[in-house]
Structure formats: C-alpha cells, structure tokens
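With chain A's structure known, arrange chain B on it following the hints.
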Amino acid sequence: MSALIIHNDIVHYEVLGRGRPIIFLHGWVGSWRYWIPTMQAASASYRSYALDMWGFGDTAKSKTRYTINEQVSLLDNFLEEMGIGKIALVGHDLGAIVALRFAEKFPSYVDRVMAIGFPLETALINDRLKANTPVELGNWMLNGIPGGEAAIQEAAKVDNDAILATLENISDLNLLGMVLNLTIPCLLVHGENDQAVTIPPIDTLANLNDHAHHIIFENAGHYPMINEPNKFNRLLTDFLALAAGESPRNLQLKEEWKRRFR
Amino acid sequence: MAKILIAEDERDIRDLITFTLRFAGHDVIPTANGEEAVEAALRELPDLVLMDVRMPRMTGYQACEQMKKEITIKHIPVVFLSAKGQESEVRTGIEVGAVEYILKPFAPDQLTEKVKAILEKYR
Chain A
1 MSALIIHNDI VHYEVLGRGR PIIFLHGWVG SWRYWIPTMQ AASASYRSYA LDMWGFGDTA
61 KSKTRYTINE QVSLLDNFLE EMGIGKIALV GHDLGAIVAL RFAEKFPSYV DRVMAIGFPL
121 ETALINDRLK ANTPVELGNW MLNGIPGGEA AIQEAAKVDN DAILATLENI SDLNLLGMVL
181 NLTIPCLLVH GENDQAVTIP PIDTLANLND HAHHIIFENA GHYPMINEPN KFNRLLTDFL
241 ALAAGESPRN LQLKEEWKRR FR
Chain B
1001 MAKILIAEDE RDIRDLITFT LRFAGHDVIP TANGEEAVEA ALRELPDLVL MDVRMPRMTG
1061 YQACEQMKKE ITIKHIPVVF LSAKGQESEV RTGIEVGAVE YILKPFAPDQ LTEKVKAILE
1121 KYR
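Protein chains in written order, with the numbering used here: chain A, 1 to 262; chain B, 1001 to 1123.
With the rest of the complex left out, here is chain A:
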C-alpha cells in the first residue's frame, strides 16, 4: 500500500505505469480499487495514479474534511507532495465533481477531464444516495455484475458521512457552469441505465461548447468502466491521445480494446 501524510492524516494511493500523469478519482460508492482494470489498460502509455479521498478506502476518516473543497485541496496537496505537473483527470460521480472543481480552480494544472456519471444538475441525483448505506448502494448498483465485487467490498470502508456531506455540499455549486466555463477538453460519459445519476436532458447537453462532448454507454449503468471495461478503456485511450486543447467532439465508441502482456 502506498500512502503519504497530508495534514497529519494518511492518504492512500496506488500508481502504475510510466508516461504522462493521469489521476483517477473514485465516486461515492467504492474506492480507488475499481479503477484497477482501467489503470492496467492506461499504464501502457501513462503513469496512472488513483487515490482514496477523505472518508473513503484506506484514507483517513477525517470528518472535518468531507466537503468538496477539502477533497479538492486533498488533490492539490497530493500533486504538490508527489511533484506531479500537468495532469489528465478521470473522475466518477463525486470524483468527477472534484475533478471539474479542481480544473475550475487550478486551470493551468489540468490538461483534460473525463467526467463519468457527472450530475449536470443536482436534481439528476437519485435520492437513494442519501437514504441508503454505502453497502446497500453498492449492492443496488453492482450486485451480480462481473467486476463489481471490488466496489461492493470497498463500499464497507466508506464513511456514510463522507457521502452525505458532499451531497449536501454540491447544492452550492453551479455544476453545469463548471463544464460550460472550462477551456480545456472535457469528455462527459454516462451509462444509459445509470441508477444513481440520470443522463442530462438533451436541451442541457445542447449548451455544451466545443471543448466538451457527451458519450452514452447504451449497455451500462452507473459504472461504465465496470459494465463495459474494454469499450471504456478504448474511449479513455482515444481521449488521452487527443492533442493538447483538441476538441473531443469527434470521439465515439469504437471496437473493444484490451491491453495484453507482450
């Protein structure tokens, strides 16, 4: 287990591969662990970091740090401690909010953002996230789905207060504005059958500028990286391969791709 100390508390992370840095940020239910297959795929060309945010996985359950801004500060401190320069951010629900908020606050540090299951409006978030325990939520979204075991197991480590605090906190944020104001490439990804965050309405998506693009996985729920890993990894690889500042508008889902040891 790799860890560092930030504000006298343990922050857990893992890293794999060499190349330009990518940071993976998990969502409300789970921890860094469900990024493992994605990290394996990305590590062929990139240095992939995944960390547990405050209250999740093996990072400290530090209740005073459960706001979005504190999670953003965690990422900022992590990058500073690790000496990591300009990054690509890949975030899932809560992780997507933190990624976009970070990009809004520190635009010069971020090269591009992939936001999966990002709620463009708070009304799109299922109330069940506030009502159920993390384990119940994990079973609801992932029970019986191949590859979902890691997220369900790690749900038991989540401090429910970390979910509730961030859910309350996001009502203060202009979520759509976070995407519209970006001047770097942003790829929004949703699963067609997402139980936790409803796909944004077409008229909302029509407001996206040339920096942003929206892709739907027709056979996925809230975890496209688990539901359709090969297709997801191919999309991520294509997104990361865009030249700096290039619009992601031409990206589309392609044939499945799987990294192999050679």
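Please note: incorrect hints may appear among the correct ones.
[Said to hold, decoys possible] Computed list of lysine-lysine pairs in BS3-like fashion (alpha-carbon distance at most 25 Å, straight line): (1) Lys1104(B) <-> Lys1121(B); (2) Lys1069(B) <-> Lys1121(B); (3) Lys1003(B) <-> Lys1068(B); (4) Lys1114(B) <-> Lys1104(B); (5) Lys231(A) <-> Lys1104(B); (6) Lys231(A) <-> Lys1114(B).
[Claimed, not checked] Restraint-style ranges between C-beta atoms, simulated for each label pair: (7) Gly177(A) <-> Met1001(B): 41 to 49 Å; (8) Met82(A) <-> Glu1070(B): 38 to 46 Å; (9) Pro1056(B) <-> Ala243(A): 31 to 39 Å; (10) Ala123(A) <-> Arg1054(B): 40 to 48 Å; (11) Gln1086(B) <-> Phe106(A): 43 to 51 Å; (12) Gln252(A) <-> Glu1044(B): 47 to 55 Å; (13) Met1001(B) <-> Gly144(A): 22 to 30 Å; (14) Leu253(A) <-> Gly1025(B): 26 to 34 Å; (15) Lys1121(B) <-> Arg128(A): 23 to 31 Å; (16) Arg18(A) <-> Leu1103(B): 22 to 30 Å; (17) Asn209(A) <-> Ser1088(B): 52 to 60 Å; (18) Lys105(A) <-> Ser1088(B): 53 to 61 Å.
In case anyone wonders, no lab produced these hints; they're calculated from the structure. Ideal Cβ placement from N, Cα and C applies to all residues, glycine included.
What follows is chain B alone, placed relative to chain A:
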C-alpha cells in the same frame, strides 16, 4: 492467497504483473533477472515462480535449473512466460523443470485466472 515470485526484465511488464497479482490478493516478489530470481526464491520460499525466458545475467532456463538443484526450493512450481510463436521455448522450459507455461500475449484478468488455476493444481 499465495507468495509469488516474478522474474521479468522488462520493467513495464514486471510492474504490471506485480500490480495485477498484488491486487488480486497475492504477496508478490518482483525480480529483474534469473540470478535475482534464484536468490529471492532461496530467501523467500515462494509458492509459485513466474519467469520470463529471455533475461540478462541468467536466463529463465538457467534460473529454473538452479532452482531444481536446491533442496529447499526444488519443489516450488516454476511457470514460464513465453511468447506465442516460440513454442520451442516451451519444450525447453518443461525439460529444465517448469510445470506449465503461459503464452504471451495475455490480458491481466487472464493472468489472474491462470495463476489461480495453477495454484489450485500444485498446492
């Protein structure tokens, strides 16, 4: 879960195998050549050795032969990682004492499954 020794000279592949097996719950000892692998095997007494064939300082074959001469580790199953199209390597590997081979290329999840099956077979 098992203690698994990896011998692979290509760093990216070694890191990826280590990462894959570690987070499948195994205790992984990575080494970069045959000589290091023999030393680590004598010291760590792993449950399984996964070894590339072509490595500097001491090849996988030579390392396997050394291991099979050591009384404390000769029982440990050795598995070669061998490239497709190099089937002659497989034969030589079995002749020097390996019990199985895994043909490259293979995906991380395939490696995890294959290792699980090998451990169940030889434990």
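Here is what the structure says about each hint:
1. Proposed proximity of Lys1104(B) and Lys1121(B) is supported: the alpha carbons are some 21 Å apart, at most 25 Å.
2. Proposed proximity of Lys1069(B) and Lys1121(B) is supported: the alpha carbons are some 23 Å apart, at most 25 Å.
3. Distance check on the hinted pair: Lys1003(B) and Lys1068(B) sit about 18 Å apart at the alpha-carbon level, within 25 Å; holds.
4. Distance restraint check for Lys1114(B) and Lys1104(B): the Cα-Cα separation of roughly 12 Å lies within the 25 Å cut-off, and the hinted pair is therefore satisfied.
5. Between Lys231(A) and Lys1104(B) the CA atoms are separated by roughly 22 Å; this keeps the pair inside 25 Å, and the hint holds.
6. As the CA atoms of Lys231(A) and Lys1114(B) are separated by approximately 23 Å, the hinted pair is consistent with the 25 Å bound.
7. Distance hint for Gly177(A) and Met1001(B): a CB-CB separation of about 47 Å, consistent with the stated range 41 to 49 Å.
8. Distance hint check: the CB atoms of Met82(A) and Glu1070(B) are about 41 Å apart, consistent with the given range 38 to 46 Å.
9. Hint check: Pro1056(B) to Ala243(A), Cβ distance near 37 Å, so the stated range 31 to 39 Å holds.
10. As the Cβ distance of Ala123(A) to Arg1054(B) is approximately 59 Å, the hint placing it in 40 to 48 Å is violated.
11. Here the CB-CB span from Gln1086(B) to Phe106(A) is close to 49 Å, well matched to the stated 43 to 51 Å.
12. A hinted range of 47 to 55 Å holds for the C-beta pair Gln252(A) and Glu1044(B), which are about 48 Å apart.
13. Between Met1001(B) and Gly144(A) the Cβ separation comes to about 24 Å, which falls inside the hinted range of 22 to 30 Å.
14. For the hinted restraint 26 to 34 Å between Leu253(A) and Gly1025(B), the CB-CB distance of approximately 32 Å keeps it satisfied.
15. Lys1121(B) and Arg128(A) have their C-beta atoms about 44 Å apart, which leaves the hinted 23 to 31 Å range violated.
16. The hint said 22 to 30 Å for the Cβ distance between Arg18(A) and Leu1103(B), and at roughly 25 Å that hint holds.
17. At roughly 58 Å, the beta carbons of Asn209(A) and Ser1088(B) sit within the given window of 52 to 60 Å.
18. For the pair Lys105(A) and Ser1088(B), the beta carbons lie near 59 Å from each other, so the given range of 53 to 61 Å is met.
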